[in-house]
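As given, the protein sequences belong to chains B and C, one line each in that order. With our numbering, the residue at position 542 of the first sequence is 542, and numbering never jumps. With our numbering, the residue at position 63 of the second sequence is 63, and numbering never jumps.
No lab work stands behind these hints, which were simulated from the structure alone. The C-beta atom is built at its ideal place from N, Cα and C for all residues, glycine as well. Treat each hint with caution, since some may be false.
Pairs of lysine-lysine residues, derived as DSS-like cross-links and limited to a Cα-Cα distance of at most 30 Å, are as follows [claimed, not checked]:
1) B:Lys815 to C:Lys25
2) B:Lys387 to B:Lys435
3) B:Lys51 to B:Lys109
4) B:Lys435 to B:Lys354
5) C:Lys25 to C:Lys50
6) B:Lys769 to B:Lys795
7) B:Lys541 to B:Lys815
8) B:Lys814 to C:Lys25
9) C:Lys50 to B:Lys387
These stretches of chain B come out as covered by chain C in the derived footprint (C-beta under 8 Å, 3 or more residues) [to be verified]:
10) 671-678
11) 854-867
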Amino acid sequence: MTLRLPTGGLIDRSKPLRFTFDGKPCEGFQGDTIASALLASGTRILGRSFKYHRPRGLWGAWVDEPNAIMSVTLNGQTFPNCLATTTYLEDGMEARAVNAWPSAQFDVKGGLDLFHRWFAAGFYYKTFMWPDWHLFEPMIRRMAGLGHVSPQHLDEYTSDQTHDRCDTLVIGGGPAGLAAAEAAAKAGHDTLLVEDHAQLGGTAHQLAEIDGAPTQDWIAQRQAAIQSAGGRILVHTTAFGIYDHNLVGLAQNGPFGTAPRLIRLRAARIILATGAIDRPLTFANNDRPGIMAVEAAAEYLARYATLPGRDIALLATTPQAVTLATQLAQAGATITRVVPAQTPLSARGGKHLKALQAGDRTHPTDTILASGGLTPLVHLWRHAGGKLDWCETRHAFLPGTPPDGMTATGAANGTFDTDHALEEARAAGQNAPIKRPETTHHITPHWPTPGSPGRQWIDFQHDVTLKDVELAARENYTSVEHLKRYTTLGMASDQGKTSNMPGLAAMAAIQGRPIPEVGTTTFRPPFVPVPIETYHGAHSKQLWTPLKRLPLEPQHRAVGAALGEYGGWLRPGWYGTGDPAQQAQTEALMARQTAAIIDASPLGKIEVMGPDAEAFVNFIYYNTIATLKPGRIRYGFMLAEGGAILDDGVIARLGANRFVISCSSSHVDSVRTHLEAWRQDGNDPDRIFIHDTTQHWATLTVTGPKARQILDTLGLDTDLAHMSLRETTWNDTPLRLARVSFTGDTSFELSLRASHAPALWDALLDAGKPLNAGPIGVEALSILRAEKGFIMIGKDTDGETMPHDLGFTAPRQKKTAPFVGDRSLHTDTANAPDRKQLVGLTVPSGPPLPTGAHLVTDDSPPRSLGYVTSSYHSPTLGRPIALALVENGTDRMGDTLTAWHLGDTRQATVSPPCALDPEGDRLDA
Amino acid sequence: MQIFTCPFCGPRDEREFHFAAEAGKTRPDTRQQIDPETWATYLHAQRNEKGRTREVWMHLTCAELFLMERDSVTMEVYATTPLRKEPQ
């Protein structure tokens, strides 16, 4: 049985589209939604309810639809939680009702409805407590949900995110919105109009003419006028939330299966023209398929040229219902008008509606159009903090005291009459004061009647009935916020668009209180479900934290570097195409036998200058820096005020008032922020200057027994004591030559302007080649430093490690000048006897211990004493080495501990962290 | 998302800013004996006020600290002023 009319509507009858619903072939037209195409084909059951699996049809025609939720597959990709009323039909769609198997028509769980007595509100809390909720939870979770998220990762499903601004944002492209936007644009405001349908017009399509002009002409004229006055229009775009400082979230929808684009919009002024929706009437079996909102029927007729049914009972007293009755009758439907005030009121029939029982009369019917009055869509108004006033003539909450910069107009403001709405909207657009006109919309309210017989639905999607609200009231969940959480009323994916008003009216009636006194629950964004991807967008990987690139990247690539991310930098992990682990071993061995060249450019180079610089760095460092002579270098720690190590590294003094802090490569930004905070807070910022030159300087490290020979070839004077530096030149460019060692071997750090780094790199490689020395990557360097027991912050330390845990005790005992974190090193926690301390671990043979393995006691169950932080095979020592943080570790030297990892255990002996050359002979070899 | 006005750079998106501390906290003079309670209060105690607050924030892109008075309930920002004194 088709309900489609031969003419009219906004659909394109020359473009038929094929799709399936629950496997059954169906047809619709370009411009249809899945819902309108199914309605036109005579399909009445589009879904099953969440709890009782009751058959459900269409109530709404757009975002207020609670029932018709589908999983839709297109081009092999499935998307859950698609509202059939807002999903525009595309050729080849496969739609499937959620909560139903094998189909919405025949659902095997349909029988659950027979047991409804046992499923009242609070059922889970009461029933599944004994012996343990967790026994039941997996089964219940499996039964819940609105379709399945595809486990496939959809690479193309990414949201663009843009930022935009305008003077006047008009939300809603119906008659009021169009009029307001036109007035605003013509008044010279930079205006943006957003409409969530794909076409402008809103409820205008329901009217034959508007403001004296045929509707389609009127819409086209408004659109042209807005655009020629410089205004912009976005259709199929939903304003889903208003956030702090009037940030508006706009989701701009594209074709089905694409993630909506997020537009973060700032508007000086927002005009809300979001319209109103019908609220359901609460009567027995009011959830049966075939019971539809008056407003929805008007939309299906106007936009999609589809009747809601043939034999229609009109159960409403609103002015809109009167207009619609005429239109439906003209289109060939039979209309029976029924006054909702009669009791008892109930719908007869199961999957197919048979009759409406009103008082002692039975009206045979296949369709009931119902409305309990109009509810303005004030969600965005409330997001922004606007107040609501209760209106005794319209029986609805209307916008009251406005939030800053916001005006409501049209049906959203309770101005339901079109001519009044246009007048009001034009004033709003011009930013003139508006006064809500007297309404012609007098309705007799029909709120839920407590105690009345039959199962009467309040929340269709979450299966909350009047009895559940009564139960909640009996159990003292009378506040609307408690009612909501106890019964889940309004907590479904439609967020109570249709159910909140009947729900709170029911509670008001039960308690004998006026509706405004009961109040509403909090309106929270988003207004409609928005994919998480839209919030996340492309904010990942490189666009979230862009990789820092080395000036020598082309040179590394030229010699076969395997580049990887290390601490935010793209660095050579190793060179060559061999097995990475083996490559690192070979490189580490070369560094010990001849020499290695390392690109250490990511090392921090933060300059601290000025007359107060010395006192400042002395305060920032755990170690005493004030005694450092110009030309000398010192290793030290920066602490957070809580005493934990923030960073380590060397600091060089270039002159009386000039220092260079060489912080860890991955900590440059955080150290700079730390320094700036202390510089400006508690110091005179005009006497200290901090300048981060990390990216301006490249640093190349030459380390190993033959390091001196390489530097000699370059004509650089290597007569330099360990931990000192000299400012010199090379190739007529300034060069800082420093002797510090992260490997334990003789090492030189050569720093120069980044643009001169390629020449130095080439020269070093050329000089190294005859000595069998060459470049090594970060992996080999990690082995070299671990052999010496040199730590990496964040790897060999955790958020509680203090310097004395690593054996650096002197400043804690002796430094008299204040420094950041000083007092925290003398707390009970800092003095605790069971602190985790850095130790080495020795295993005689076999593979290295797994990093992260726990060292455990022999108790049952075993207790963790600490864990392995770094672990490698040492090619020089020919055995595994490891560093670990172990409770009271220094007192355990020589003890054998059990290392546990994923069920496997091994024995390891606690040893000093430094495994190679503990005397330090290699440093000056 | 909020808009904060850096006294040096002008109005910017909140993501460019970093909360530093509640205003008015002074570091105890650690050359003196400090009892554990005083130090713990300095480290951990926050007023966490409801309503009008005075806080120190950093604008990360220019690294300048400034004082911000704002309302922690309505999110209204009353004033932002540089922390540093006028140059003498």
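Original post:
Holds or violated: Lys814 (chain B) with Lys25 (chain C), Cα cutoff 30 Å?
Top reply: Cα-Cα ~28 Å, so holds.
Subject >> Agreement of Lys435 (chain B) and Lys354 (chain B) with the hint, judged by alpha carbon distance not exceeding 30 Å >> reply: 46 Å, violated
Subject >> 30 Å Cα cutoff - pair Lys51 (chain B), Lys109 (chain B) >> reply: Holds: Lys51 (chain B) and Lys109 (chain B) sit about 10 Å apart, inside 30 Å.
Subject >> Given coverage of the segment 854-867 of chain B by chain C, tested with a Cβ cutoff of 8 Å and a minimum of 3 residues >> reply: It is violated: at least three residues are needed, and the segment 854-867 of chain B offers just 0 whose Cβ sits closer than 8 Å to chain C.
**OP:** Mind checking the alpha carbons of Lys769 (chain B) and Lys795 (chain B) for me, to see if they're no more than 30 Å apart?
**Re:** Not OK: Lys769 (chain B) and Lys795 (chain B) at ~34 Å, beyond 30 Å, violated.
Original post:
Has the given pair, Lys50 (chain C) with Lys387 (chain B), been kept, meaning a C-alpha gap of at most 30 Å?
Top reply: Given that 30 Å is the threshold and the Cα spacing comes to 21 Å, the pair holds.
**OP:** Below or equal to 30 Å on CA atoms is what counts here, so check Lys25 (chain C) against Lys50 (chain C).
**Re:** 18 Å, holds
**OP:** Sort out whether Lys435 (chain B) lies within 30 Å of Lys387 (chain B), counting only the CA atoms.
**Re:** 16 Å, holds
Original post:
Taking 30 Å as the top limit, are the C-alpha atoms of Lys541 (chain B) and Lys815 (chain B) close enough?
Top reply: Status violated; Cα separation ~44 Å.
Original post:
Within the segment 671-678 of chain B, is the number of residues with a Cβ closer than 8 Å to a Cβ of chain C three or more?
Top reply: holds (count 4)
**OP:** Would you check the hint for Lys815 (chain B) and Lys25 (chain C), treating anything up to 30 Å between C-alpha atoms as holding?
**Re:** 25 Å, holds
Taken one by one, the earlier hints fail for this structure at numbers 4, 6, 7 and 11, listed in ascending order.
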